[in-house]
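Produce the complete structure using the sequences and hints provided.
The numbering of the sequence shown is the working numbering, which starts it at 3 and goes up by one.
Derived by calculation from the structure, the hints in this document are not laboratory data.
Just so you know, not all the hints are guaranteed correct.
[To be verified] Below, a list of computed lysine-lysine pairs in the DSS-like style, where the Cα atoms sit at most 25 Å apart:
(1) K14 x K36
(2) K14 x K43
(3) K21 x K60
[As the list claims (entries may be wrong)] Label pairs and their computed distance ranges (CB to CB):
(4) P34 x T55: 29 to 35 Å
(5) V31 x P64: 28 to 34 Å
(6) Y38 x D62: 31 to 37 Å
Built from N, CA and C at the ideal position, the CB exists for glycine as well.
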Amino acid sequence: MADQSPAPIRCKAAVSRAKGAPLVIEDIVVDPPKAYEIRMKVICTSLCHTDITFWRGKEDFPLPPVFPRILGHEAYG
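In structure tokens, the structure reads:
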């Protein structure tokens, strides 16, 4: 029987490389899903106020900025 485990996939993502830097569309590799995870085809996503605050690196944001980063967790698929 052929191996049917998921393989990594290539897709495009808007990547922020530094605080306030323009988002750049890049090809990325997405690992296969792990236990209790799924992979779905995303048609588009949006940036919420939290994403923009994180991207701007506001001093009062409770989490440290981590870059590079793919923003947008409100997906449509």
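Quick rundown of the hints versus the structure:
{"no.": "1", "hint": "K14 x K36", "verdict": "holds, 21 Å"}
{"no.": "2", "hint": "K14 x K43", "verdict": "holds, 12 Å"}
{"no.": "3", "hint": "K21 x K60", "verdict": "holds, 9 Å"}
{"no.": "4", "hint": "P34 x T55: 29 to 35 Å", "verdict": "holds, 32 Å"}
{"no.": "5", "hint": "V31 x P64: 28 to 34 Å", "verdict": "holds, 30 Å"}
{"no.": "6", "hint": "Y38 x D62: 31 to 37 Å", "verdict": "holds, 34 Å"}
Every hint, counting from the list given before, is met by this structure.
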